[in-house]
Amino acid sequence: DVKVTQSSRYLVKRTGEKVFLECVQDMDHENMFWYRQDPGLGLRLIYFSYDVKMKEKGDIPEGYSVSREKKERFSLILESASTNQTSMYLCASIGGIQKPQPQHFGDGTRLSIL
Amino acid sequence: AQTVTQSQPEMSVQEAETVTLSCTYDTSESDYYLFWYKQPPSRQMILVIRQEAYKQQNATENRFSVNFQKAAKSFSLKISDSQLGDAAMYFCAYRRRRDDKIIFGKGTRLHILP
Numbered sequence: 001d002v003k004v005t006q007s008s009r010y011l012v013k014r015t016g017e018k019v020f021l022e023c024v025q026d027m028d029h030e031n032m033f034w035y036r037q038d039p040g041l042g043l044r045l046i047y048f049s050y051d052v053k054m055k056e057k058g059d060i061p062e063g064y065s066v067s068r069e070k071k072e073r074f075s076l077i078l079e080s081a082s083t084n085q086t087s088m089y090l091c092a093s094i095g096g097i098q099k100p101q102p103q104h105f106g107d108g109t110r111l112s113i114l
Numbered sequence: 001a002q003t004v005t006q007s008q009p010e011m012s013v014q015e016a017e018t019v020t021l022s023c024t025y026d027t028s029e030s031d032y033y034l035f036w037y038k039q040p041p042s043r044q045m046i047l048v049i050r051q052e053a054y055k056q057q058n059a060t061e062n063r064f065s066v067n068f069q070k071a072a073k074s075f076s077l078k079i080s081d082s083q084l085g086d087a088a089m090y091f092c093a094y095r096r097r098r099d100d101k102i103i104f105g106k107g108t109r110l111h112i113l114p
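Same order as they appear, the protein sequences are chains B and P.
Letter 89 of the first sequence, counting from 1, is numbered 89 in the numbering used here, and no numbers are missing.
Letter 39 of the second sequence, counting from 1, is numbered 39 in the numbering used here, and no numbers are missing.
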């Protein structure tokens, strides 16, 4: 089974802090994604990466950056956390044998910015 | 720009009954994939069913089936013989084949009434 692991289930940080959310997948998938999930808004794509050191902006990249130094790890960075970044963050990767390949999601990180 | 619309924010169905969740999308692409994902209260998103746009035959996975109407850009999910474990948030997703960009709908919360 594919495993997508997010480093923290819950995280509380203060305004202005630099925040790192880590995501690791164990199936050598090339494509990885970061979403935020807010009630009534569904999942919104922040950034995605289709290979090491490659990244593409999603629909709401402002205030975020990403890092993909190794294929298995995709990090989301909040450069200077703000209260409007309080949200559930979901990481996903695409892969698998059966086509079309589905996304595999992590358990999510509920981030609160105080 | 692509959009995915789930017009029913919340639905309820009696256990053992059949329910249909609607999803429409807008795209100018001809080659894409469509997915339904389920997010139970435990939060991890899991794949329910997938459809390739070039396949006219509707996908089926046990009690789950879709009604894919490409011309109408409609992709509804039918759940037969509803079970308590089907209670979850359901997300419709569109994925563009050429670059894997994915757009999610805002979700439909499904309640199963015993």
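It is worth saying that the hints were derived from the structure and are not from the lab.
Don't take every hint at face value.
Stated by the list, open to error - Here are a few chain P residues that sit away from chain B, every Cβ distance over 10 angstroms (derived from the structure): (1) 41; (2) 44; (3) 95.
Stated by the list, open to error - Pairs of lysine-lysine, DSS-like flavour, derived with a Cα cap of 27 angstroms: (4) P:55 to B:57; (5) B:70 to P:106; (6) P:101 to P:55; (7) B:55 to P:101; (8) P:106 to B:53; (9) B:71 to P:55; (10) B:3 to P:70; (11) P:106 to B:99; (12) B:53 to B:71; (13) B:99 to P:78; (14) B:70 to B:55; (15) P:106 to P:55; (16) P:101 to B:99; (17) B:71 to B:55; (18) B:13 to B:99; (19) B:18 to B:99; (20) P:73 to B:3; (21) P:78 to P:55; (22) P:106 to B:55.
Heads up, the beta-carbon is just placed ideally off N, CA and C, and yes, glycines get one too.
Against the structure, the hints come out as follows:
no., hint, verdict
1, 41, "holds (12 angstroms)"
2, 44, "violated (5 angstroms)"
3, 95, "violated (7 angstroms)"
4, P:55 to B:57, "violated (30 angstroms)"
5, B:70 to P:106, "violated (32 angstroms)"
6, P:101 to P:55, "holds (20 angstroms)"
7, B:55 to P:101, "holds (12 angstroms)"
8, P:106 to B:53, "violated (30 angstroms)"
9, B:71 to P:55, "violated (32 angstroms)"
10, B:3 to P:70, "violated (33 angstroms)"
11, P:106 to B:99, "holds (25 angstroms)"
12, B:53 to B:71, "holds (9 angstroms)"
13, B:99 to P:78, "holds (21 angstroms)"
14, B:70 to B:55, "holds (13 angstroms)"
15, P:106 to P:55, "holds (25 angstroms)"
16, P:101 to B:99, "holds (16 angstroms)"
17, B:71 to B:55, "holds (12 angstroms)"
18, B:13 to B:99, "violated (40 angstroms)"
19, B:18 to B:99, "violated (38 angstroms)"
20, P:73 to B:3, "violated (33 angstroms)"
21, P:78 to P:55, "holds (18 angstroms)"
22, P:106 to B:55, "holds (25 angstroms)"
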